[in-house]
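Asker: Build the full structure now, drawing on both the sequences and the hints.
In order, the protein sequence lines correspond to chains U, L and H.
Residue numbers for the first sequence follow my numbering, beginning at 1 and rising by one.
Residue numbers for the second sequence follow my numbering, beginning at 1 and rising by one.
Residue numbers for the third sequence follow my numbering, beginning at 1 and rising by one.
Quick look at which bits of chain L chain U covers, simulated, 3 or more residues with Cβ under 8 Å:
{"no.": "1", "region": "19 to 28"}
{"no.": "2", "region": "90 to 99"}
As a list, the in silico SDA-like pairs of lysine to any residue whose alpha-carbon atoms are at most 20 Å apart:
{"no.": "3", "chain 1": "H", "residue 1": "K91", "chain 2": "L", "residue 2": "D95"}
{"no.": "4", "chain 1": "H", "residue 1": "K87", "chain 2": "L", "residue 2": "H92"}
{"no.": "5", "chain 1": "H", "residue 1": "K164", "chain 2": "L", "residue 2": "R86"}
{"no.": "6", "chain 1": "H", "residue 1": "K164", "chain 2": "L", "residue 2": "A79"}
{"no.": "7", "chain 1": "H", "residue 1": "K87", "chain 2": "L", "residue 2": "S90"}
{"no.": "8", "chain 1": "L", "residue 1": "K100", "chain 2": "U", "residue 2": "L591"}
{"no.": "9", "chain 1": "L", "residue 1": "K100", "chain 2": "H", "residue 2": "R88"}
{"no.": "10", "chain 1": "H", "residue 1": "K91", "chain 2": "U", "residue 2": "L605"}
{"no.": "11", "chain 1": "H", "residue 1": "K87", "chain 2": "L", "residue 2": "A97"}
{"no.": "12", "chain 1": "H", "residue 1": "K89", "chain 2": "L", "residue 2": "E94"}
{"no.": "13", "chain 1": "H", "residue 1": "K91", "chain 2": "U", "residue 2": "R589"}
{"no.": "14", "chain 1": "U", "residue 1": "K515", "chain 2": "U", "residue 2": "S533"}
{"no.": "15", "chain 1": "L", "residue 1": "K100", "chain 2": "U", "residue 2": "G585"}
{"no.": "16", "chain 1": "H", "residue 1": "K164", "chain 2": "L", "residue 2": "E73"}
{"no.": "17", "chain 1": "H", "residue 1": "K135", "chain 2": "L", "residue 2": "N55"}
{"no.": "18", "chain 1": "H", "residue 1": "K87", "chain 2": "L", "residue 2": "D95"}
{"no.": "19", "chain 1": "H", "residue 1": "K91", "chain 2": "L", "residue 2": "L99"}
{"no.": "20", "chain 1": "H", "residue 1": "K135", "chain 2": "L", "residue 2": "V66"}
{"no.": "21", "chain 1": "H", "residue 1": "K115", "chain 2": "U", "residue 2": "W613"}
{"no.": "22", "chain 1": "L", "residue 1": "K100", "chain 2": "U", "residue 2": "A587"}
{"no.": "23", "chain 1": "H", "residue 1": "K89", "chain 2": "L", "residue 2": "D95"}
{"no.": "24", "chain 1": "H", "residue 1": "K115", "chain 2": "U", "residue 2": "L610"}
{"no.": "25", "chain 1": "L", "residue 1": "K100", "chain 2": "H", "residue 2": "K91"}
{"no.": "26", "chain 1": "H", "residue 1": "K135", "chain 2": "L", "residue 2": "D58"}
{"no.": "27", "chain 1": "H", "residue 1": "K91", "chain 2": "L", "residue 2": "R27"}
{"no.": "28", "chain 1": "H", "residue 1": "K91", "chain 2": "U", "residue 2": "Y599"}
{"no.": "29", "chain 1": "H", "residue 1": "K91", "chain 2": "L", "residue 2": "L96"}
{"no.": "30", "chain 1": "H", "residue 1": "K164", "chain 2": "H", "residue 2": "V154"}
{"no.": "31", "chain 1": "H", "residue 1": "K164", "chain 2": "L", "residue 2": "R88"}
{"no.": "32", "chain 1": "L", "residue 1": "K100", "chain 2": "U", "residue 2": "E582"}
{"no.": "33", "chain 1": "H", "residue 1": "K115", "chain 2": "U", "residue 2": "C617"}
{"no.": "34", "chain 1": "H", "residue 1": "K89", "chain 2": "L", "residue 2": "L96"}
{"no.": "35", "chain 1": "H", "residue 1": "K115", "chain 2": "U", "residue 2": "L612"}
{"no.": "36", "chain 1": "L", "residue 1": "K100", "chain 2": "U", "residue 2": "Y599"}
{"no.": "37", "chain 1": "H", "residue 1": "K89", "chain 2": "U", "residue 2": "L596"}
{"no.": "38", "chain 1": "H", "residue 1": "K115", "chain 2": "L", "residue 2": "V3"}
{"no.": "39", "chain 1": "H", "residue 1": "K164", "chain 2": "L", "residue 2": "S90"}
{"no.": "40", "chain 1": "H", "residue 1": "K87", "chain 2": "L", "residue 2": "E94"}
Think of the hints as simulated: they come from the structure by calculation, not from any bench.
Glycine included, C-beta positions come from ideal geometry on N, C-alpha and C.
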Amino acid sequence: MNFDALPWIVLFLPLTAAAAIFLFTKRSARISAALSTGAVVASFILSAVYVGIAGLEPVREDSHIWLQAGKLLFEFGLLLDPLSLSMTLVVTGVASLIHIYSWGYMKGDEGFARFFGTLSLFTFSMLGIVLSNNFLQLFIFWELVGVSSYLLIGFWFERPSAADAGKKAFITNRLGDFGFILGILTVWAACGTLNFLLLRGSASMLGAGATLAGLLIFCGAMGKSAQFPLHVWLPDAMEGPTPVSALIHAATMVAAGVYMLCRVLFMLNPAALQVISWVGGFTALLAAVIAVQQNDIKRILAYSTLSQLGYMVMAVGLQGPTPAMFHLTTHAFFKALLFLGAGSVIIALHHEQDIWKMGGLRKRMPVTFWTFLAGTLALAGFWPFSGFFSKDAILAQAQHQHAWGLFALGLMVAVLTAFYMFRLVFVVFGGTERTHGAEHAHESPAAMSLPLQVLAILSIVGGVISVESAFNRQFDPQQHGASFVAQLLAPFSHAPLAATLGLLAAAAGFALAAKLYRGVTTDPLPARLGFLSCWMRDRFYFDELYEATVIRAHDGLSAIAGWIDRWIIGGLAVRGTHGTTELIGRALRLLQTGNLQTYAMLVALGVAILLLWVVFC
Amino acid sequence: MNVGLEHYIVVSGILFCLGLLGVILRRNLLVIYMGLELMLNAANLALVAFSRFNNQLDGQVFVFFVITVAAAEVAVGLALIVALYRRRESAHVEDLASLKL
Amino acid sequence: MDWPTILFYLFAALTVGCGILVVANPFSNNPVTSAMFLVLTILWLAGLYVLLHAFFLAAVQILVYAGAVMVLFLFVIMLLDLRAEEKRKIKVFSLVGGLLAIGGIGAVFLGSVLKAQWPLAGAPAIEGGTAPLGKLLFAQYLLPFEIISVLLLVAMIGVILLSKRELK
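Answerer: So this is what it looks like as structure tokens:
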């Protein structure tokens, strides 16, 4: 077995599992789940082996020509550099844990096999995005990921809200992808190639269109990573099962946009980067504000994801791909942990998701509580949890670029993040049980709590296990890795202002949340904030705005298109052709009278005409 | 005035047109057939005239053949008409329209 | 005005007149009448042949055409006992079309006759006697001659087959 075939095996194993499930084993739930989980765990082990033996560097590319016609060249290949290999490890690792978790969570569901099959399809598509070496292949897998997301969000398709949420996600994504493909076409027209390594050299050929191409490509990231104004699909995507929310809408798929931006960072010029950073920052702030007044446990986490994605995009815009990818990795760990913990709570309370109907769960679900707390501390950015290091890296980058507006914005978002997360912890786990369901909650089975514990460990130590140095090898080779202890204290020596202010912001948020929410049974904020609280709860009415403008316009256009299709294409072109042919046929039929003499007369006429023509012309 | 080729050609032409008239406008099968014979005769006349005025006997040989063929054709054609009459009991050409669409 | 010219005009007039009476007899619709006038037309045509010095052909015309073909015609008319053709509605389209066609062809003839440069050839000198014709027929046109005999055989067989009452 060729060692270089390992990455291909890693990529295609989940696909074979998905194919096997959908073609053969759909009736057997256990075999399907075993196939799917086995495939993804095997992918993780194989990729770990590959990285262990072959190392993260040097950059390797394994490409095959798919279609070549003159100057047109489509390839299908894998690009193996520190960025893609690290991301592969993250994707397969988190996916393995979530597959194991789903054994417990989806137990008894009649779509068990379908769930695992679609999860495998998703894993394959995500790995495809991570490993692809050219824009076209990336786009194909981009769309595949969108399809998997649609299938998984609408998993319980008998529920109209779930079906609608799936459609909303897919269509909003498509909007972003429209810009994306225009960007790809622009790049191709200007540079003549779609291969990432080749583009690195010819990025300057973009010339005047560089800003436009960069912004169009960012459209794709806007759709996939749910940046403003295409952020509306992510909260609705919580209609899917919680493992789906954890895997797709927290850890991996939404991170694909950030990953793609880091991939093609060399193509984005300062103007485009400026736009990107402000869009990211604004999204972070908007989502954090909305999260403060949400009452559904998964919605809070969804808006938190939106906010953290904003952070990552902001980091990319500040020309800090390493902080962005670092935060992506740590976010994958602790956000997946938080979602899985939420899932654990939801299952224990029999699918109850309103936080005001929970309470006092720290005594009844200790494993869930402690892991959830670990995740919250990481997310809020307390030292020495992983989130602190990655968030600090982003703030330090802002400080380094002298982007004081974004720096202040990042600090504000840090305060809000700590605030709403601890609000969640106090309301759900603190206080006393508020409902019958909460009184009868008990801890989840091992299949669910084991991944929680693994992820908790990763969230705690994730900042100091050389994740940052792995990404530095891709983007900033001058920095060399440091020891464990040195990594612990690095932020305070490199960027003391950012580190201290970040910690203070987190502490401030925690204090505020403790003061307002410790031991309360109803939400005190609406009374204090009045109509602002209403706006926050109603998500600032973005959905209603889109409904009134975009949806109406779209309905009008499709009515026109329908009219054209029915009357002009169907009526005029199709039935017109048929009618005309029939008419001509009927007319010609009149010639066949069966009468000998008519025929003779016609023959004579023909002869006369011919003769007249030949003899006299 | 001297009778030249053109006179004979004119006569032949007139005869041909008359024959054609009979074929197209008369409704009795047998009269149609006679019109056909008239056309053949017109052609014969033209051939003989040309043969005479071009000083070649080939035209007359051709007429010989035409007469023979016409005779054979008349035999077969009349047999057909007899067979048709036996079927349809009518020698009117408009009753023979079974190829009508 | 010498005799050949007079005879020509006489024969020509008679031929055309009888031809008209074959196809467009205003007095009688009877096919027998048409057959009779056709016989007369053939007769006058034979006269025209004689004027063209085609003696053999004139004889053959009378013997074969008038003697055999027209007799056959009359046989069949009598056999089928055809009376006058019944009057049916005249279709205008056919009438107009037919007249147009005939007119067209006639115009072609007329036009070509008028346009040609007369006289086309020199003075006629050939004599269509039996011996020269025979020589030509059996020397140069022997193959067509043999084929014609086969044709006659085939026609005979066909006629016998066609006039059977039922095919056994």
